[in-house]
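Which chain is which? The protein sequence lines are A and B, in order. First residue of the first sequence: 0, per numbering that gives the first Met the number 0; consecutive thereafter. First residue of the second sequence: 0, per numbering that gives the first Met the number 0; consecutive thereafter.
The reader is advised that the hints may include incorrect statements.
Since the list gives no way to pick out one identical chain from another, each pair is judged satisfied if it fits inside one copy or across any two copies.
[Unchecked claim] Below 30 Å or equal to it, Euclidean Cα-Cα: the simulated DSSO-like pairs (lysine-lysine) are: (1) Lys724 with Lys305; (2) Lys679 with Lys512; (3) Lys680 with Lys253; (4) Lys245 with Lys747; (5) Lys430 with Lys650; (6) Lys512 with Lys389; (7) Lys305 with Lys512; (8) Lys145 with Lys650; (9) Lys680 with Lys305.
Simulated from the structure, these hints should not be mistaken for laboratory data. On a predicted model such as this, the values are computed, not experimentally measured, just so you know.
Number of protein chains: 2
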Amino acid sequence: MDDRKVLISLDDGSSDDDDAIVPQKDTVQSSKPIQDFGSNLTEEPTPTSLSTEAPGISGNHQEIDTDQPPLLGHNALPIVTNIPINGNAGHSNRDIENSEPIFHLRSRTAAASTPNYESLDYEVCENTLFQEEQRQRLTERFSLRKDVIRWIIFIQIGIITALIACTIDIIIEELSELKYAFLYRSVQQNVPLSDSSSGDLVIPYLYWLLFSILPVAFGAAMVTYIEPITAGSGIPQVKSYLNGVKIPRIVRIKTLAVKAIGVITSVVGGLAGGKEGPMIHAGAVVAAGISQGKSTTFVKDFRIFKAFRDDHEKRDFVLGGGAAGVSAAFGAPIGGMLFSLEEAASFWNQNLIWRTLVASIISVFTLNIVLSAYHGLNDFTFTGLFNLGKFDTPLKFDYFELPIFMILGVTGGLLGAAWNSLNTKINKFRKRFIPWKIGKVLEAVVVAMMGVTLACLMIYFINDCRPLGNDPTNNPVQLFCEDNEYNAVAALWFQTPEATVRSLFHDPPGSHKILTLALFTVVYYVLSCATFGLNVSLGVFIPTALVGAAWGRLFAMLAFYLFPEAEFLHPGKYALIGAAANLGGVLRMTISLSVILMETTGIESSFFFPLIIALISAKWVGDYFNEGIYDTQIQVNHVPMLTWEPLPQYKGLAAREILSSPVVCIKLRDRAHYIYHVLKKCDHNGFPVVDDVHGDRRSEGRVCGIILRSQLIVILLKSLYVENKHFWLPETSIQTFRDVYPRYPSIKDVRELDEKINYTVDLSMFMNPSPVRVNPHDSVPRIFQIFRALGLRHLLVINNENRIAGIITRRDFIYK
Amino acid sequence: MDDRKVLISLDDGSSDDDDAIVPQKDTVQSSKPIQDFGSNLTEEPTPTSLSTEAPGISGNHQEIDTDQPPLLGHNALPIVTNIPINGNAGHSNRDIENSEPIFHLRSRTAAASTPNYESLDYEVCENTLFQEEQRQRLTERFSLRKDVIRWIIFIQIGIITALIACTIDIIIEELSELKYAFLYRSVQQNVPLSDSSSGDLVIPYLYWLLFSILPVAFGAAMVTYIEPITAGSGIPQVKSYLNGVKIPRIVRIKTLAVKAIGVITSVVGGLAGGKEGPMIHAGAVVAAGISQGKSTTFVKDFRIFKAFRDDHEKRDFVLGGGAAGVSAAFGAPIGGMLFSLEEAASFWNQNLIWRTLVASIISVFTLNIVLSAYHGLNDFTFTGLFNLGKFDTPLKFDYFELPIFMILGVTGGLLGAAWNSLNTKINKFRKRFIPWKIGKVLEAVVVAMMGVTLACLMIYFINDCRPLGNDPTNNPVQLFCEDNEYNAVAALWFQTPEATVRSLFHDPPGSHKILTLALFTVVYYVLSCATFGLNVSLGVFIPTALVGAAWGRLFAMLAFYLFPEAEFLHPGKYALIGAAANLGGVLRMTISLSVILMETTGIESSFFFPLIIALISAKWVGDYFNEGIYDTQIQVNHVPMLTWEPLPQYKGLAAREILSSPVVCIKLRDRAHYIYHVLKKCDHNGFPVVDDVHGDRRSEGRVCGIILRSQLIVILLKSLYVENKHFWLPETSIQTFRDVYPRYPSIKDVRELDEKINYTVDLSMFMNPSPVRVNPHDSVPRIFQIFRALGLRHLLVINNENRIAGIITRRDFIYK
């Protein structure tokens with residue numbers, strides 16, 4: 000007998016007085032035995048081996064008509080007929096309201112360590128109401144209409160996401176231009192021209208500090224005080240959402256507003272971050288908002304798109320929105336589609352991908368029209384959008400460069416892994432030592448000041464003057480340089496990070512000193528590492544690309560310095576490879592990254608090969624040390640996200656070793672009061688529905704369906720009882736349940752059931768009659784595949800007689 | 000009671016003498032009641048409603064120790080204890096060998112109309128043997144090693160596919176060059192120069208005929224007599240394979256050889272077809288061959304990669320092979336990956352896609368190296384591969400052109416749908432009136448002659464002379480033209496179709512007369528329609544693109560003729576859009592097509608938008624009329640391929656209305672003789688394994704697993720009986736079963752079980768203990784999603800007591 004069985008025996012031996020509901024901090028059913036994961040698991044399924052113990056305990060249970068809490072479910076007992084039913088009045092009168100819920104031994108570990116994340120219902124609940132609706136709408140016309148509406152929504156998502164992206168883009172550009180032009184003038188006024196040795200940099204420095212601190216403080220305050228979920232890039236959150244984890248407030252309009260303002264202020268403030276991640280988040284919010292036809296923030300229901308009001312449909316739209324966001328951020332429609340696929344989708348549905356691609360294309364197209372109009376290009380010619388600047392001459396490479404690209408990739412992997420690790424440490428430190436809100440705002444201000452100071456120091460101490468003419472910036476600062484020269488260091492700093500990436504890709508050879516770039520790389524590496532994790536809305540893509548581009552270009556310059564005859568050492572090319580390698584090392588999204596880089600710089604597919612070489616090396620090296628930054632963030636936050644493959648420690652296990660039991664079940668026709676108290680006492684979200692129950696031994700019944708907490712609450716709220724069926728039956732439909740989506744009422748909203756204490760609920764028309772079921776001996780990799788492919792929330796483990804043996808939720812695949 | 004129940008009652012009422020096995024022509028279990036699909040289906044599941052009839056019939060069944068065939072399973076009867084077991088000697092001696100199998104009423108319709116396709120086992124059978132192997136290999140090191148080997152195989156697939164593609168490419172190019180150069184000289188010799196009115200074209204015509212007939216006849220004969228499966232493009236077959244349908248001999252080396260020779264001869268012979276489709280098929284064969292480490296054609300087992308010998312692993316490799324094939328054919332790595340996804344994959348597995356992409360890139364890279372070396376480019380610079388010629392100046396478009404692109408798309412959709420419909424009609428005619436092999440070869444010859452004749456007539460009658468200098472062909476025929484001029488009509492015909500597409504894309508404006516192109520379009524449209532479906536190896540991509548490019552260019556020329564000031568009417572651009580529209584209309588693969596066209600012509604992502612506009616219009620218009628040509632071919636051949644969504648007529652149905660029953664079951668410990676006779680008598684491929692069986696009423700047992708026909712045959716062949724367990728148990732492993740993969744022995748290879756007549760087989764270690772099970776009331780769209788997402792072969796329908804109610808295979812989702 001292994002640990003497991005001992006525990007089960009403990010349960011079975013517990014007296015009735017100790018039986019209590021099993022409430023858990025985590026709201027998915029997740030109590031789990033503490034077990035030896037390495038133990039040999041070839042034994043027969045538990046049910047039969049326990050059968051001899053059953054009759055002895057079952058005698059303690061009783062049929063009670065009042066508000067008894069669910070008994071501790073005895074795990075997978077076989078049918079036992081002729082159970083003696085001893086009515087026990089003492090128990091029935093026990094005051095449940097006052098009895099403190101007794102935490103079950105096994106649930107405590109999991110509950111304590113993990114925060115409160117719920118799952119989304121990506122599984123469509125095909126109950127009788129749903130099927131009725133389906134039948135009513137079985138006509139060809141309706142399903143066509145629904146399909147057309149879906150297309151319209153996707154097109155709207157593309158357009159609106161692009162418009163938001165444009166707005167952010169233009170505001171950032173205008174404000175940055177104002178800021179740097181002012182600083183430029185300030186420098187010109189305060190530093191005497193043609194005097195390359197001295198000058199008063201203090202006044203520009205103070206101005207610079209001011210223009211950094213003000214927006215950053217404003218943005219950080221908004222994020223911290225109004226909507227903390229908007230901190231960071233938003234990609235981990237969207238990824239978790241698409242994976243099936245409910246992240247509260249992630250797709251609200253308020254979130255979008257704060258995010259937009261947050262990203263504008265941070266980029267304008269000069270923090271080491273980009274606007275790309277937030278734009279993806281923005282796309283997701285837009286998608287969720289439009290597709291639902293209502294806004295909970297504005298308490299406005301447009302009464303449209305009602306058929307799309309469930310998690311499953313919403314997910315598909317959010318997928319499209321994310322793709323549209325990527326496309327708008329980079330001008331990369333295929334990259335956007337692939338990003339959505341690589342990061343999110345688990346089931347490849349041709350129609351969905353097709354709609355996603357169209358949304359992406361529409362988004363890029365809209366963005367291009369608006370930006371063309373804004374920049375005054377009125378020749379009505381679509382020229383594409385190259386956010387990182389177009390390589391005008393096709394990049395070529397020699398075969399002997401491939402090993403060099405590989406080495407760069409390995410470097411990127413190492414630097415990326417170090418960056419991830421360092422960033423995680425900084426964030427842990429932050430979490431621990433800066434718990435106060437004001438502290439978080441101040442911290443952002445300090446980092447912004449640090450950036451400005453470092454930049455000023457670099458400008459002041461490095462003398463890197465270049466002739467005017469091939470100046471990469473709008474404001475070529477002459478600072479300490481001769482006439483007709485500009486300060487190359489200032490040029491790197493006097494613009495947004497995105498513009499600096501563009502400079503590093505496209506500046507002609509010899510635009511920078513080696514020392515400048517080397518210092519810049521180090522400073523920016525540290526700065527970006529300190530920035531990501533601040534309480535501001537910022538993406539990590541651009542700073543990562545910037546660091547990579549810097550050291551890639553640096554590599555080419557060093558190599559050229561050593562081998563001046565090597566003409567292939569085009570610095571822009573190596574900056575691109577470096578950016579790819581660094582991105583690969585930090586983000587580890589190989590496929591979509593390569594396509595995004597291709598689309599955003601206009602390089603041809605022939606240069607795809609070097610990019611992939613660099614990316615694949617970076618990914619493999621990085622994966623050796625840790626995970627990508629998004630996954631790291633998800634892990635640090637204990638989001639129960641399902642990976643692509645089951646975790647290695649689950650290999651060789653069977654369902655019976657990870658399932659949670661006992662399970663709180665509800666009878667097909669159960670008493671309203673019982674349901675009410677189950678909901679009050681335990682916060683599970685799914686309850687197996689059973690029939691063939693002997694007395695109150697619900698957890699030994701035969702499984703006939705599963706019902707969600709939210710459905711039960713609606714049933715109680717609307718008083719959908721058997722006894723008053725004639726009142727509600729005619730007007731009750733699936734819409735009754737959709738109306739409360741997505742903010743389900745809580746059980747606290749249901750008032751005490753005084754007069755209806757003896758009413759009965761018949762779940763047969765509300766429950767999902769087709770829950771996915773597996774056997775206790777099924778292997779975990781197999782059930783994981785089922786769970787992932789079907790997007791399940793609850794997986795019932797049943798024995799050979801269709802009686803419940805346990806329940807598996809996403810949490811069971813993640814925490815041992 | 001609906002039709003269904005009447006039928007069930009009929010079964011139940013049938014006397015024991017009428018009970019017989021239910022053999023079916025189609026080897027997946029597929030008998031189905033003839034039922035009213037429109038009937039209202041809200042009633043309770045059948046099991047309970049039948050319960051009263053059970054005891055009366057069950058009394059007729061008996062426990063017989065000899066070779067009794069499986070009884071007609073009574074659909075979903077509840078447990079009935081105390082069944083009287085009446086031994087019936089008369090029955091037990093019945094000679095089953097001689098009794099003709101009686102076809103069951105319900106199975107006949109489906110059996111008669113559909114040919115014999117089996118499913119592949121994409122579901123991994125996790126039986127005890129498999130789990131033992133998993134446990135032995137649970138070490139980190141092994142799973143790493145398996146992963147590394149997988150990568151190595153994928154890289155090999157990329158390289159070898161590219162090498163084969165190169166070989167085919169170079170041979171076609173060389174032979175075509177020889178052929179057209181000879182014809183060119185022949186024309187030059189026989190038609191007096193500078194005499195633009197007359198000349199003797201008869202001799203060149205005869206030569207041309209000869210050089211067309213010889214290769215075409217040879218190729219057609221090879222295809223017809225040696226390996227008929229190689230006819231056509233191979234894409235429908237690969238697509239079916241990846242979908243889970245076993246197409247015999249599709250991935251053999253012999254098939255590859257015939258296909259390669261077939262495609263060379265047909266293209267050199269001048270048929271209207273391309274080499275792209277066959278290359279994709281070639282990639283699939285290479286993948287299947289390499290990954291298995293053995294060749295059944297050469298009876299050679301390299302004893303490597305044994306862990307990959309099952310349908311599931313092989314499918315993943317074939318997916319990569321197909322992608323590598325597309326990439327090699329077009330020089331389009333992303334397009335190749337997307338093609339595989341769009342056409343094939345149902346579960347998006349990140350790692351798989353990643354490997355597929357790498358195989359595609361390796362393939363393109365190898366191809367480029369070899370072709371660069373062949374063409375004598377020794378500068379070691381990777382320039383990419385643009386099979387349809389690179390557009391050197393970036394294509395631009397004005398916004399007002401978008402409606403024009405849309406109109407072109409609609410035209411493409413109409414023309415494509417018409418093409419598909421016409422081609423299907425021609426092929427039906429062919430199938431009906433040309434059944435003889437020699438007739439098929441002759442037909443190919445006739446079509447080849449027709450092509451040559453039409454080309455000659457066009458050249459003879461149309462006087463389209465253009466000045467030399469911008470000549471698009473290697474052999475500018477002066478034929479009937481002035482000095483310094485060449486015949487533009489001859490130029491179109493005197494090269495391979497691929498080269499002609501290139502000409503139409505890149506020839507400068509004014510290279511052709513309107514009349515020439517109009518006639519050429521019509522002729523090629525008809526020719527390609529007549530060609531696709533001949534018994535030759537040829538793809539449909541290039542001729543379709545050619546027709547589209549021709550009418551697209553024609554459109555631009557006509558429009559320019561009408562509006563000479565419209566400078567945007569670049570004929571190459573419109574040829575490209577026309578090609579996209581026509582391809583969209585015929586093939587309907589929108590996403591991958593657009594990317595392939597982008598990659599193969601080097602256009603930028605900014606031109607993606609017009610391409611998508613044209614493709615989407617073409618697809619939607621085409622879909623209104625019929626399906627894409629590949630899907631049409633699959634349908635015409637009655638291949639049971641699963642679509643992305645369930646067919647519309649299945650909406651609103653439940654599992655009980657499509658399941659096949661009665662089901663032939665086998666007991667967990669069953670008699671060897673019984674199994675032998677079941678296999679002899681019925682050709683099902685999956686048998687539910689049941690226990691808790693009363694007497695011989697197997698179909699009323701409790702489901703505990705499923706076993707495949709192939710596994711049962713191996714058990715019988717290797718005599719894996721309980722009685723001699725000590726002999727075989729030590730050396731029996733999952734490898735015993737893998738060794739016979741993929742050509743499983745037939746039951747005929749098992750000799751009569753004389754001495755072992757009373758031996759017992761214990762299936763518990765061989766069967767798949769975790770078959771996916773659904774309820775009879777589950778909706779078809781739901782179970783379809785499960786079936787598709789998990790790549791199932793058999794889906795068991797069980798009642799509330801875990802007893803079998805029926806079985807669902809892919810066929811049940813396709814044929815009513």
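Each hint tested on the structure:
no., hint, result
1, Lys724 with Lys305, "within (25 Å within a copy, 63 Å between copies)"
2, Lys679 with Lys512, "neither (68 Å within a copy, 83 Å between copies)"
3, Lys680 with Lys253, "neither (33 Å within a copy, 68 Å between copies)"
4, Lys245 with Lys747, "within (21 Å within a copy, 57 Å between copies)"
5, Lys430 with Lys650, "neither (34 Å within a copy, 52 Å between copies)"
6, Lys512 with Lys389, "within (24 Å within a copy, 38 Å between copies)"
7, Lys305 with Lys512, "neither (61 Å within a copy, 57 Å between copies)"
8, Lys145 with Lys650, "between (42 Å within a copy, 15 Å between copies)"
9, Lys680 with Lys305, "neither (33 Å within a copy, 54 Å between copies)"
The structure fails to meet hints 2, 3, 5, 7 and 9 from the earlier list, while all remaining hints are met.
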